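Residue numbers (the working numbering), protein chains in the order written: chain A, 1 to 222; chain B, 223 to 532; chain C, 533 to 666.
Honestly, I wouldn't trust all of these hints.
Said to hold, decoys possible - Below, a sample of chain B positions facing chain A; criterion: calculated Cβ distance under 10 Å:
1) Thr305
2) Asn309
3) His335
4) Ala386
5) Asn387
To be verified - Chain C regions said to be covered by chain A (calculated; three or more residues, Cβ under 8 Å):
6) 562-571
7) 620-631
8) 642-656
Keep in mind that the hints were calculated from the coordinates and are not lab data. These numbers come from a predicted model, not from an experiment. The beta-carbon is built from N, C-alpha and C at its ideal position, and this holds for glycine as well.
What follows is the residue order along each chain.
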Amino acid sequence: MIVGEQKTLKEIKHMVAQYPKLLILGCGTCVKTCFAGGEDEVATLASALRLAFKKEGKQLEIQELTVERQCEDEFIQEAAEAVARNDAVLSLACGAGVQDIARRFDRVPVLPGVNTTFIGVLEKPGLFTEECSSCGDCVLATFGAVCPITRCAKKLLNGPCGGSREGKCEINPDIDCAWQLIIERLQKLGQLDNLRKYVSARSWRSGNAVGPRKLLREDLVV
Amino acid sequence: MNMAKQSRLQQILAKGHFAVTAECGPPRGANGEVIRQKGRLLKGYVDAVNVTDNQTAIVRMSSIAACVHLRQMGLEPIMQLVTRDRNRIALQSDIMGAYSLDINNILCLSGDHQTFGSQPEALNVYDIDSVQLLHMVRGLRDEGKDMSGFELDTPPRMFIGAAANPFADPLEYRAVRLAKKVEAGADFIQTQCIYNLPRFKEWVRMAREEGLTEKVHILGGVTPLKSARMAEYMAKSVPGIDIPDSIIERLKSAPKGKAAEEGLNICMETIDELRQIQGVHGVHIMAIENEGKVAEIVGAAGLMPRPEFS
Amino acid sequence: MRNDFKPIITMFHCANALKGDISPAFPENELEIRSVRLPCSSMVKDVYLLRAYEDGADAVVVLTCPEGECRYIDGNIRAGKRVKRLQALLDEIGLGGQRLSLFSISPNDDDAIGQIIRKTAADLVDLGPNPAMK
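Same shape as in the complex, but just chain A (with noise of 0.2 Å):
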């Protein structure tokens, strides 16, 4: 999923306090599942702002209101009535998100109370990790589906530095070191001389490095 964090209240109060009517949108896709911007979080949200509003002797009217997704105009397009009530949108989806009903309600500031940061597993209650970044061009199947583009803070494809130490990443000792997960799994899956190939340097012309992507599926236009 994608997994984003709430920004601070602090942050979110900077943002909105010039808006006397306020809605916040939730999204009950990536966030909700990362606990960041799903109907829970926006009520919680919503009460923390009124109380931290009135404290200061400000009356700020919000409105809450949670869509399936908001990268989809099939579900963005709920929120119109809502939308067209406010002053401005404060919504909890991820960056796509916040852009795409940005896009379809453009004369409302559309303002993000979520940081994005990656995509990523539930790998034990209440831990996430970030497991992908999207290169555009998976070269799982070499690495015993462990992505050193990744999980290596080197992005090393001939791995590893001589940094590992105990299993972890020289930067960061919470941090598993990914040519040790690596080379563990292709052990036990018996496939340690794909190690002993040279990786050659990589095209990463299939990533964000060439400008933002687009996937057209002809076959979907109608």
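With chain A held as given, fit chains B and C onto it using these hints.
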């Protein structure tokens, strides 16, 4: 046409001499005199000098510029190049530029991560890794082509080096990694500093078994320890450093004020041992910010005078 | 210190900790106790606690079963974690995390509840009324 001399380091190793290299770091500023002063301390005592490339991701004068300062004084530089800060376009460009300025030794590294350095907010590059860099430099040299296949007017004829860490995890994999670097293009290897000789010898043995000591010149790294505290700090904080308790004990038990002297003794003993290991063809003395010690070490180890060529 | 300050304390409790309503002796004209009954104390979602303050609570108390005695195994532990998180949020809001507290009590321990209420009321003398309720 570029008439750069053949690498002196290459000649020394080819002739079977036990090579001596040292290391120095460029200044944190634009004063060339700082690097020249270090050069003066090393000249005549070493065969070649590594010049680090923004080591530990701390911003310093560029390696290529500092190498030129040393070359102009008659020293033999080994330009260190990391892939952390430059993409393949910039790396190939710098390699060609370096060779045109009479720099003909290069050490290919990935480089310490920027989070360690003085500007951790910076974006890193890591377009290619150190093994791909080795491959690229060899391609430039032996095929005279850049990474796009374009034929260069003059190929940079670099003597190519790589780093190796016999003490890093995972141990079983270290020989495979060394083999990869040799196959990719490494002519010589400089290792991380050695304190655990049995473990180092084991690594050389594994390399020998893979046939690698026939294909590459290994230079063993040494760094004189100044105190037990320095040793403990290094053992704890620097990845890939293995300092046996016996060494730390020797430093602790040294009489007051004599720890540094004991550290030098340990260094001498290590060099003596290195000279006897089959497959080890030189020593790489890393006395960063302590370059004055290099002359003393080389002299006391019986490695003077250094070979001269016309 | 305001003489006309009649503190409102909202108490969330699990069905196990308290069978009936909160009924220890306390002076009704000096403070108001509101109680919210939950199947398990772990049901104290952030928004329920915050809405208690929006509804006028000056302090909120969460009562859980003692460690090891939660009928749902770790509900009381989850409640503890949520309360801790919310205390930090209350600091950010500016109400102060001291207005939220958590206590473990044996089931139906009226004496303990009475002590908790007296302590909370005493804390409120210093903290003053909920600043969002002016």
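Here's how the hints hold up against the structure:
{"no.": "1", "hint": "Thr305", "verdict": "holds (8 Å)"}
{"no.": "2", "hint": "Asn309", "verdict": "holds (9 Å)"}
{"no.": "3", "hint": "His335", "verdict": "holds (5 Å)"}
{"no.": "4", "hint": "Ala386", "verdict": "holds (8 Å)"}
{"no.": "5", "hint": "Asn387", "verdict": "holds (3 Å)"}
{"no.": "6", "hint": "562-571", "verdict": "violated (count 0)"}
{"no.": "7", "hint": "620-631", "verdict": "holds (count 5)"}
{"no.": "8", "hint": "642-656", "verdict": "violated (count 0)"}
Violated hints, in rising order: 6, 8; the structure is consistent with all others.
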